[in-house]
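Please build the complex by placing chain R on the supplied structure of chain P, with the hints as guidance.
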Amino acid sequence: MAHIRLSAALLALLAAAGGGPARGAQPIEYAVKASYLYKFAPFVQWPSTAFETPTAPLSICIAGSDPFGPALAEAVRGQRVNGHPIMVRHVEAVRPGLACQILFVGGEDAGQTLQAVAHEPVLTVTDHSGAGGMIQFVMVAGRVRFSINQAAAQNSGIAISSKLLGLAVSVNR
Amino acid sequence: MNPRRALGRLMMAIAETPAIGVAIACMLLVASLGLAYHNEGQARADKIRDVTVQSRILAASLAGPLAFNDQTAIHEYIDALRASPEFNAVGAYDENGRLVDGFSRAGEPLPQHNQVDRPIVQGDELIVTGTVAQNGATLGSVYVGAATERWSRRATRYLGIAIVIVMACLLVAALTASYASVSAANRRLQAEIAGREEAEEALRQAQKMEAMGQLTGGVAHDFNNLLMVASSGMELLDRTTDPVRRERLKDGIRQAIERGAKLTQQLLTFARRSPLSPEVVEVDQRIRALQDLLERSLREDVKVEFEFANGLWPIEVDPSQFDVAILNIAINARDAMPEGGRIKIAAHNYPAGGDTARDMVRVSIRDSGGGIAPELMEKVFEPFFTTKSVGSGTGLGLSQVYGFMRSSGGLVKIESVVRRGTTVFLMFTRSSQTLPRPNLMTDRLRHAEHDATVLVAEDDEHVAELVAEMLRELGYKSKRGATAAETLRLLEETGPFDLVLSDMIMPGKINGLELAQEVVRREPGMPVVLMTGYSEAAASAAAEGFPLLVKPYTIEAMGEVLGHALQQ
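Residue numbers (the working numbering), protein chains in the order written: chain P, 1 to 173; chain R, 1001 to 1568.
Don't read these hints as lab results, they were simulated from the structure.
Treat the hints loosely; a few may be bogus.
Pair by pair, the computed Cβ-Cβ distance ranges are [what the hints assert, rightly or not]:
(1) P:ASN172 x R:VAL1053: 49 to 57 Å
(2) P:ILE28 x R:ARG1056: 28 to 36 Å
(3) P:GLN112 x R:PRO1109: 48 to 56 Å
(4) P:GLU108 x R:ARG1056: 37 to 45 Å
(5) P:HIS119 x R:PRO1109: 52 to 60 Å
(6) R:PRO1109 x P:SER170: 17 to 25 Å
(7) P:SER170 x R:ASN1039: 47 to 55 Å
(8) P:ARG143 x R:VAL1116: 39 to 47 Å
A short list of chain P residues far from chain R (calculated; beta carbon distances all over 10 Å) [said to hold, decoys possible]:
(9) GLY69
(10) PRO70
(11) VAL81
(12) GLU92
(13) GLY97
(14) GLU108
(15) ASP109
(16) HIS128
(17) SER147
(18) ALA152
(19) GLY157
(20) SER170
By construction, the Cβ of each residue, glycine as well, lies at the ideal position given by its N, Cα and C atoms.
Just chain P, same shape as in the assembly:
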């Protein structure tokens, strides 16, 4: 049953992105990506303007279709980073002032979508190499890895820990 539902979700995603990028993607791949998505948070330093209060929630926003399903919300339950509880939100469209700390945009042309938050302290994550954003998931030898665009992060006032940079497949400085 879960399989059928995930396939349905993927179909929905394909429809939204106007292509078939997730073709052949394994469900386990998105489970791993979901866990990575919130594990980026401890390794990232946002400017203080990114949070309203020290205990304000850290929002992981999923723009458009959601490839993770309930697994992500399940994984982040009860987790805190620097005193901020982690919250998962879905946004229909990317526009300035979303109040997201991490923004995941699927699809290969996510770069255009992300222009709207280019000057906001938002860690942008995309699903494909060359899709833009600060962190891009890539597949290396069948494993989920990621590359980092450090220059883009710095332009938005976001500092990424060297520990995370060290694990990246490539880093654009």
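Below, chain R without anything else, positioned relative to chain P:
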């Protein structure tokens, strides 16, 4: 008991038992055990801290790889620790506590599930667990098992120190034991010395008593003769009116009395009881003044020669005792030359250095007589030792010389060659004082009307009468109290008096010295003169600063002392 003495005795008691040593050794042991325990705890804490730091470094390094499941990186980090033999087991666990990677050397395998807890020690292994966290987010945990030092190795390490400490304890114990025995032996020795000194003192006293016994026998004979002369002279004095005969009898009596006084004086000198009154004396002048007396004492066939160096240093002696000593030696010399001969008296300065530490003046008296046999040399200074026939010598001559020299701080030495002669050397310490100006003799005895009243305290009826007579002769009025109490009463009731003259030894509760002190307390400024024949009493009077008349004294001496006391 005096607390300081009690403390001293306690210290001695402690010093004589090895208990203190045992206590010190025990304290040393306890201290070293405590130190070892403390060190052990310190080392353990250090070890825990070290391993904890290592585990934290590992946890920090593993944050990224664990979060993003980078097996290669995890393996590299854990493998880095494998290089150190210190770590028995190292494991990395994910956020759910499941083992991700790790190694374990021989022994138990890594636990499949890790639970973060405080560091614990299991056998020889120290287990430290730590959370892998980044910015407050828990990403996993680590497990580090480190080898602690083996018990046997630790024991070996401590064994060396333990041996040193045990040796130190043994050394302390041995030292204190030997000190205790030495200290106990020392105390026994001290006690023995004290006992021996007491015995020696008792022996000396016994010898003195024996000497006194012999003295009594020997002197009684002489005194009896003198008393015979005096009493028969007095009797004859009453029966005759011929002035020439009376004068001769009085002369005889006076001479007998003088000889008696001289004999007493010699005995007292021997007993070192006569108060010596040292004066600064010029040796050559003093001996030259003796020439008449020497020639009268010696026979006509004995010639006396003098030889004095120029610039002789002054000496400080009792002049009359000095005279007696010279006379005694000269008489011995005369007796050593039954066929006549020469006596040569010489004096030289004898500067410090060589066999003397101080400047001295040496007087030598040499005769050309028979000498003294070597075996007798040791005995010549013993009292009552004499080579003369019974009745012609008392054996006190050289004893007087010896006693006199001892009390004057000098030395006496005899050199003798049989059939060639004997030389007696007297060594006197040079006096730093200068010669006093001679007194005008005319001032000393003045039959002036003093118009002064003297209160006399004297228990002996006859002496009191005599003293009253002498005072009257000197122009004083006098009143007598037979005891100290009566004297004080007279002082209160029948005064005023100008001077108090008191015997020192008197019956009753108060002696002469206390009477004198009481008189001065009641009437400050009242002159008090004390009389005594005992040197101890004389010394205590002198210590109190009272002028003193030494019995027997002449009327001149009395006049001089009283006149002096009244002037002040």
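Problem - Those earlier numbered hints the structure runs against, lowest number first - result: 1, 6, 8 and 11
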